Amino acid sequence: MSHIAAYKTKIKVNPLKDKDAKLNDPTWQLLKAAVEATADEIGGEVTDTIIDYYGTRQPCEFAIVTPDFKRGVGIDVSPIDGRVSFAYDSYGDRPGICERVTQLVTQNYTAMAVARALKEMHYEVDYDESRDQRYGEKMVLIRGVM
Amino acid sequence: MPKEVDVKIDRRGRVETDFKGFRGVDCLEEAERLRRVLVGLGLEIEVTEARQKTDAEIMAEIGESEDSKTGVRTDG
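Residue numbers (my numbering), protein chains in the order written: chain A, 1 to 146; chain B, 1001 to 1076.
These are calculated hints, taken from the structure and not from any lab test.
Mixed in with the good hints, there may be bad ones.
Dumping the calculated DSS-like pairs for lysine-lysine here, alpha-carbon to alpha-carbon at most 27 Å [to be verified]:
hint, chain 1, residue 1, chain 2, residue 2
1, A, LYS8, B, LYS1008
2, B, LYS1053, A, LYS119
3, A, LYS12, B, LYS1008
4, B, LYS1008, A, LYS138
5, A, LYS10, A, LYS32
6, A, LYS138, A, LYS70
7, A, LYS32, B, LYS1008
8, A, LYS32, A, LYS17
9, A, LYS10, A, LYS119
10, A, LYS119, B, LYS1008
11, A, LYS138, A, LYS12
12, A, LYS138, A, LYS119
13, A, LYS8, B, LYS1053
A quick note: this is a predicted structure, and the numbers were derived from the prediction, not measured.
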């Protein structure tokens, strides 16, 4: 029997406080890589603060700042359960950067985690990207063969 | 026929999986194994839709494989 299934996903990294522990933890490594890949894709820069409409700085685990949206989109982690959330003041975000960052970080994390999981399960893994013909949205395709 | 797992990830992080070349309930066990590894990597997944493949879909997969040329039959 073979089957086809669809899933919705939720990112929950290990709720660590220690900086060194975060560096060595696979979930934090994936989150960092997903944030960096997203920043590369949209021409942004990774920082650790966002700015609200009134100019107040707010620290966060990661933030992505782009030339089109200098206040930045924050990526935070719950110290209780490790759940990843996004923080931003979207006023004036006409290009839709906030939503795009949120989606890309989620998509990149998911894709990196699936590729890594299949490798850990001893599959040979191929990674490919395509664009939806109608909306031009990125679709990631991962194939594991054993 | 080699075992294959095809995974599509859309812009919202929604995942679609297609397990090919598994016998019997092996594909369900492999899906559960993948789910457990993903949880360890910080990704919780919840099934929103699942279905068994039709005989036609399975036959099409077998037709694509090298095994079909040598007459080896597999369940899925």
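Now for the hints, and whether the structure bears them out:
| no. | hint | in the structure |
| --- | --- | --- |
| 1 | A:LYS8 to B:LYS1008 | holds (12 Å) |
| 2 | B:LYS1053 to A:LYS119 | holds (25 Å) |
| 3 | A:LYS12 to B:LYS1008 | holds (20 Å) |
| 4 | B:LYS1008 to A:LYS138 | holds (11 Å) |
| 5 | A:LYS10 to A:LYS32 | holds (16 Å) |
| 6 | A:LYS138 to A:LYS70 | holds (24 Å) |
| 7 | A:LYS32 to B:LYS1008 | holds (22 Å) |
| 8 | A:LYS32 to A:LYS17 | holds (15 Å) |
| 9 | A:LYS10 to A:LYS119 | holds (21 Å) |
| 10 | A:LYS119 to B:LYS1008 | holds (16 Å) |
| 11 | A:LYS138 to A:LYS12 | holds (23 Å) |
| 12 | A:LYS138 to A:LYS119 | holds (23 Å) |
| 13 | A:LYS8 to B:LYS1053 | holds (20 Å) |
Of the numbered hints listed earlier, not one is contradicted by the structure.
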